Amino acid sequence: MDQTVVDQYELVVGLEVHTQLSTQTKAFSNDVNSYGDEPNTNFSVITLAHPGTLPKSNKVAVEYAIKMGLACRCKIKRYNIFDRKNYFYPDLPKGFQLTQDKAPICLGGYFDVHSERGEVKIRLNRIHMEEDAGKSIHLEGAAFTMVDLNRAGVPLLEIVTEPDIRYAEEAVQVMEQIRRLVRYLNISDGNMEEGSLRCDANISVRKKGDEQLGCKVEVKNMNSMRNVQKAIEYEKLRQIKALELGEEIISETRTFNPDTGKTYGMRTKEALNDYRYFPEPDLPPIIIKEEDLKRLESEMPPLPHELFMKFTDEYKLPSYDAGVLTDQKEIALYFEDLCKYTSNYKSASNWLMTTIKSYLNENNIEIGDFPLKSAQIAQLIQLVDDGQVSNTVAKNKLLKAFLKAPSVHPKTLAERLNIIQESDDDFITPIINNVLERYPDKVVAYKKGKKNLLGMFMGEVMKESKGKVDPKKANQLIREALEK
Amino acid sequence: MYLTYKATREALEKGEITCQNLIEHYLKRIKEQKHLNAFIETFDEEALKKAKEIDQKIKAGTAGKLAGMVIGLKDVICYKGHKIQAASKILDGFVSRFNATAVKKALAEDAIFIGRQNCDEFAMGSSNENSAFGPSVNPHGKNRVPGGSSGASAVSVAAGMCLVSLGSDTGGSVRQPAAFCGVVGTKPTYSRISRYGLIAYASSFDTIGIISNNTADAALVLEVIAGKDDNDATVSQKAVPSYSKVAIPKKKWKIAYSKESMQSKGLHPEIKQQMQNTMQTLSQEGHTVEQFDFPMLEYILPTYYILTTAEASTNLARYDGVRYGYRTEKKVDLEEMYKKSRSEGFGEEVKRRIMLGTFVLSASYHDAYFTKAQKVRRLIKEHTTQLLEKYDFIISPTTPSPAFGIGDYGEDNLVDYYLADLFTVQANVTGMPAISLPVGKTKNELPIGIQFMANAFEEEKLFGFANYFEKLFASEMVK
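Here the protein sequences come in this chain order: A and B. Residue numbering for the first sequence follows the numbering used here, beginning at 148 and increasing consecutively. Residue numbering for the second sequence follows the numbering used here, beginning at 240 and increasing consecutively.
Source of the hints: derived by calculation from the structure; they are not laboratory data. Among the hints, a few may not be true.
[Unchecked claim] Short derived list, chain B residues pointing at chain A, Cβ under 10 Å:
| hint | residue |
| --- | --- |
| 1 | Leu330 |
| 2 | Ala441 |
| 3 | Phe444 |
| 4 | Asn470 |
| 5 | Phe531 |
| 6 | Glu550 |
| 7 | Thr553 |
| 8 | Gln613 |
As the structure is a prediction and not an experimental result, all values here were calculated from the model. Even glycine gets a Cβ: it sits at the ideal position worked out from N, Cα and C.
Kindly produce the complete structure, drawing on both the sequences and the hints.
What follows is the structure, given as structure tokens:
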């Protein structure tokens, strides 16, 4: 389609994000909450909704919800109830879902994102608690549907944004931030592929400058960050095309097919449902006391946006570095710790972002399993800063040796490897003289103005010294010799 | 056999009888009175086996508080490994995998459960006629209903088929049949007994209740089965007093009755007369009996029916034919499976209440009915609490009429049928404890019940008074 036509339209997206909480037990029973177990093993009479059973609240799930709310800068509601949302489905044993849909525990809050329109805030409408349904499995060609109730009753948070998103990349950033937060808070594994983080997007388009929102379509089944982006972009163009053809957008639920990259309308009668919301009489109200809130606030780990600010403001790191370092809580905390032992923050950042990260990737391990402690990395940085070993040698030869013998001080290792840099004139000058004698024509050429030959001389000197000379010092001495 | 647990226990301790004798006796009584249709099934072998064990314990002096207490269970209270179906076809063949907390606590004190009792389907009804097993019959009078929904539970005690019954009371379902059958019906404060294992009708009204020959037995059973429970988030955390040790206090009580209840149109003249006699006797004994205005009376029943049907409509959603119980045999798609299973599985009254509840919760009527009824409920509760701060008890007839005939009510006069709960629902709407005591009979030999309601968690006071009342009216208590 003509880009100028596309450019006349504005995309409007709001997200409804479900995240499964990684509590030990389910939201309203003591049944085990665990992914990937043999189907229909994690349930008791409560999950099965046997006659006479009653729900019981899971305090941990409530605390997780509050933590997420605090992390998203929401207002925490003190008096909370659950409603029954009534509908019939085989994977919904009670015939209703317990949800805070109508009275969420967290209100407001926001995420900061940046896109081609600059830095913007995506406001949150709310975060509420609810329980998951079981899983219906429709096998192709089977005459029946199978139901797995392991997931039934698993605690969920639903995070709902305002329709503030204008670019697909903003939606992706919101999702990334949510995933990062739940992992920082350790309240969910945030795994999209396994469905513990799920995203539904309400997507519409309108002519730029229009006040009124277009008719929205709900897109489901985007089980990766990439698919969130692709689905929104596809849906935007599909709607623009339809509008350009004079067609009406139907308010419907569509599913994204990752194989084709397209969305498809789902034939559902959902619009006809009257859920008959009704306050759950089997649970007393959950009242969040001041002291509980205070305690939870004090238990909050450092959050990615806070660390980002610290890294850029206090450590003067470029935002790129701060972004990479704060992406994973464990990396960020390792870095924080490293900065206790060194004040060369930029060097510390480089070590972590490149050298250590590639080691982790190659060996497929997490930072927690990295053999060297942050203080030991600080020792390496110190050796380089003192001019004892070159940066390159430190990151290769010395690091390798250190990883094999973490209990030996790196300076001792450097000595053993004979890689301590020489910055002594008496050591370097004879080597320079040898090199200059070997290339008399080049010396002449340099003197006539071919200054870029300096690099070649440096290389030869380094080679002859087996990399042991301090490059800064060597550079200075070569220049002096040539200028003579 | 003995009519009180005290006498039973004494005889057991003296070795005059054994628990085995008791079980054999009650099983015989049940068999002899099959026509009353009280028990859906009896647990003969198991009860006998348990009886022998408890006989040993009695000999050894290690028997629990309820040793020798033979209890019948309304078909809405779960007993592990036993069938339970709320007298409904929709739970055909269902076996409970756990004990209700009340059952567990009673078993721990060596009670014996002898069988499960007929009732109105899902405890919805005032006559025990709405049962998949057919009506139970009142042992007093001919072809009379025993009341409901715990009709058969009252029949069982009245006709000596067990010493005590555990029923459930959502709008009067223990007190009303107790009144109709001439026995004692106790509904404790809402949340006093865990509801875990009680099949829900209307969660914010349901309480397990006790039907017994006398107040002492009720007090003892309540003392055992009440209290905290991790499986019920709404149960009261208050400590359970020793109800069985309550002595008769030497005090003058302040008792109130509402003008509206005495003037109510449907009040049977003989019951009105009995009320007047009772109040007069109490006055003569030096107690204060005063009238108060309660114009809200006429709103109690509508409030009750809106809220209980709303709760029931979602509580009963789980009976869908998917995981257990009855499923239509017709080969149909999912939606039809739901419709057919539920249409075929539920009885008329249950379907009617599900429909009513679905209606009052539907988006367009939610505020007009459900929200408004919740507000009215709050008002009634506040008003009643205030009254009961001023008075010790509110006295009223338990029922407007004595036991009516089987088949008297149908779709044409359903509202009159619902009026049977007129005086009992207030205790459920407000959550307050109430007891129905049998006082006198009509000319037709039908028992009359008088109800006393106290403020929340005042069971001790209520039992103290009931003990006194029992002695005062001993000559008039139904035999």
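Which numbered hints turn out to be false for this structure?
5
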